[in-house]
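Student: Now for the letters of each chain:
2 protein chains.
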Amino acid sequence: MQNHGQSKIYQIYLRLILYLKKDQWKQTRLISCQANQKLILITMQDIISVSTGPGCSSFGFGAMEELGPFRVNSDGKTLYQNDYAWNNVANVIFLESPAGVGFSYSNRSSDYTTGDKQTAKDSYTFLINWLNRFPQYKTRDFFITGESYAGHYVPQLASLILSENKKTNETVINIKGIAIGNAWIDDTTDTKGIYDYYWTHALNSDETNAGINKYCDYISGNFSDTCEEYQSQGDDECGEIDIYNIYAPLCDVDAQKPGSPGSVKDFDPCSDDYVSSYLNRAEVQEALHARNTSWSHCSGVGWTWTDSPTTILPTINQLIADGITVWIYSGDIDGRVPVTSSRYSVNKLKIPVVVPWRPWYYNKEVGGYVIGYRGSMVLTTIRGAGHTVPSYQPERALVMISSFLQGELPPSLM
Amino acid sequence: MQNHGQSKIYQIYLRLILYLKKDQWKQTRLISCQANQKLILITMQDIISVSTGPGCSSFGFGAMEELGPFRVNSDGKTLYQNDYAWNNVANVIFLESPAGVGFSYSNRSSDYTTGDKQTAKDSYTFLINWLNRFPQYKTRDFFITGESYAGHYVPQLASLILSENKKTNETVINIKGIAIGNAWIDDTTDTKGIYDYYWTHALNSDETNAGINKYCDYISGNFSDTCEEYQSQGDDECGEIDIYNIYAPLCDVDAQKPGSPGSVKDFDPCSDDYVSSYLNRAEVQEALHARNTSWSHCSGVGWTWTDSPTTILPTINQLIADGITVWIYSGDIDGRVPVTSSRYSVNKLKIPVVVPWRPWYYNKEVGGYVIGYRGSMVLTTIRGAGHTVPSYQPERALVMISSFLQGELPPSLM
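Taken in sequence, the protein lines are chains A and B. The numbering of the first sequence is our numbering, which starts it at 1 and goes up by one. The numbering of the second sequence is our numbering, which starts it at 1001 and goes up by one.
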């Protein structure tokens, strides 16, 4: 790491990279990267695709392209600092989950056939081991965040922590809240939200919208073949755009300038390529104590997923009943799990509003909108952010997560 | 103008600045700026505000911040070139209309009490005088474009041209088509489109949306006091954003760098200030042959507007019947006259679809979407553009207007 510009700073983060012994948790290794600040917060990440399911790297996306302390320059070799990294306000662990995702692996190929329950169990085991290794964090307030399919992971892990805490009759992990972003939490409302979003954002024709409204019964969840044909037509009509940020430019490989330094305020649509190059460098993998591997953002584990509930809303409801703070945040220009989906899903919970919908402010302009529900549940948007919220709006995302950690709504004043 | 960087090039454009004698058209002067290319095209521009009405400058907005050959640097004194100016594909006249707008003025204050009909008449008189002075353009195909409240001006002027052509039994002005952008064309559908857009773009609460849907009868056009209260609440809920581009940053005067050169690919939200400074410079006003005046983007003439039909759709229908090409284009992140409004208004015309809705392409990605109707009517969007389309998407806007002028839909291939 000596050659990588900010190597000195980076080593501070790397020195806490962990090895977990094989037998400590089912021959499965997860890689974690941890930074030094006030609170413990774990991010879990995944990309949902309607047809494929989960399987992407929290380290590759979350740490290296979103909320981590560094991002990769276009040379794929050097880093630049992210002034709006979430470790400004919390210790952050990036968990590669489940086994087979990113740098995590298992020696048993059968472990790559996995699902929601196994992911929660493995993550819990990791956390227990980690807290045993760093007992000074045991008393801290603990929060979990994640985006996309982590709309499943995060509530499920929180739920497992609570039930394990009850079993032991003591607070093993002091969980206080979860924050899930552009999160897939209910198959029917989220799917309805996608196609409503496509139409209202002028990505789809009136005809396709009418067909979807006529043939897709999002209340029953019964989708006829005709419904799916119309949905497929809706997907096609969007054309060549980045559905994770419908207004962003696409990565144009021919237009890449390999030597140019990146800017955290101007997210580079080719960042996936840079991160992939970086994390596949032998010396980087060595410095990360990862095994020598052909790293990629998303793995095939999503293809053999064994269990995935159609809705996670009952789990969320129970968390709220158990006193856990639940924030559902949404970058409002994401078309994959759009803000309409999150609103429909939250509405399905039918929880009374305590603080009516209002804009929130950062730097004298609207950073997003927020609505507060009974039981510390919050829905908040981040204006002008895509699916990976801190990639596109790093400052606003930091304000949002700071408010979450402080137990306050984002600021109402200009 | 010798001190202004590109003065030599700019003088080419300025040499055709016209003087119109007072008695040539009712003691009213309009300022025009004309460039040298293939076709004649006139832009008319205005900003609609729901409560106030029309009255803004085509020269200040259209020429200096959108589609003209130059834009103003942040010093308010120097210019930079717009590589995507529409005069790449057409001669462009920017018409300050009606009297009292921008540099145009009248010696009779009563002329400042004006309306749609007077604006059309004055513009027609200007055109006749202009063609008499430059008869070489008389045989050219002629197009009119405009945005916002020009959704009124442009169809009305086109309609007047056709009726005057009929009277004289010869083609006095060879009008072929009109293109109107984010255009206010029907009070009821456009208003409904605004509030639907606010809600679907997560700018408004469910409660406000429900109230609007319950109390606002957009079919009859009868708005009760309760409806207007909910609409007002909807406006308030948006908070401090630029409603003309809901994702754009606001102008932060403290963050302005007076010396920095502008970039046509990165629209500066403080451009209004720079243009205002520039056009108020004594030597600029002198070079423009404008009278010495305190120039501002928008004038008070909108406050005393005498006539404005509730819908312009019958006029558009008649233009189509008369063989005029009608393009309605829309920057899809404008909240003032949003794409929903344009879609609802076009649908109200009930014209059969000839080319179904599809994406169109520029530079291997979606530039927008397009749908073709019988009789050369087209609705097209420009992806990621605000109200002033070429300000935010200069390349896509140029592709769009080139297609319009060539009588072709924007390209379907990547």
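Check before you lean on any hint, since a few could be wrong.
Claimed, not checked - Covered stretches of chain A (chain B as the covering partner; in silico rule of three or more C-beta atoms under 8 Å from a C-beta of chain B):
(1) 175-189
(2) 232-239
(3) 249-262
Stated by the list, open to error - Taking lysine to aspartate or glutamate pairs in the EDC-like style, the calculated list, with each CA pair at most 16 Å apart, reads:
(4) Lys1257/B to Asp1273/B
(5) Lys364/A to Asp1254/B
(6) Lys364/A to Asp1111/B
(7) Lys1364/B to Asp254/A
(8) Lys1350/B to Asp206/A
(9) Lys350/A to Asp1254/B
(10) Lys1265/B to Asp1254/B
Since the hints were made in silico from the structure, they are not lab data. Glycine residues also receive a C-beta, built at the ideal position from the N, C-alpha and C atoms.
Student: Now look at each hint and say whether the structure bears it out.
Tutor: Evaluated hints:
With a cut-off of 8 Å between beta carbons, the region 175-189 of chain A has 0 residues touching chain B; three or more are needed, and the interface restraint is violated. Against chain B, the region 232-239 of chain A contributes 3 residues with a C-beta closer than 8 Å to a partner C-beta. That satisfies the three-residue criterion, and the hint holds. Only residues whose beta carbon comes within less than 8 Å of a beta carbon in chain B count, and the region 249-262 of chain A has 3; three or more means the coverage holds. A threshold of 16 Å between alpha carbons decides the hint, and for lysine 1257/B with aspartate 1273/B the separation of about 12 Å falls inside it, so the pair holds.
A distance of roughly 11 Å separates the Cα atoms of lysine 364/A and aspartate 1254/B; the hinted pair therefore holds under the 16 Å criterion. Note on lysine 364/A and aspartate 1111/B: the hinted pairing is violated, with a Cα-Cα distance of about 40 Å set against a maximum of 16 Å. Of the supplied pair hints, the one linking lysine 1364/B and aspartate 254/A holds, its CA atoms being roughly 11 Å apart against a limit of 16 Å. Between the alpha carbons of lysine 1350/B and aspartate 206/A the distance comes to roughly 13 Å, so the proposed pair stays at or under 16 Å and holds.
For the given pair, lysine 350/A sits about 44 Å from aspartate 1254/B by alpha-carbon distance, which is inconsistent with the 16 Å threshold. In summary, the hint linking lysine 1265/B to aspartate 1254/B is not supported, as the alpha carbons are separated by about 22 Å, beyond the 16 Å threshold.
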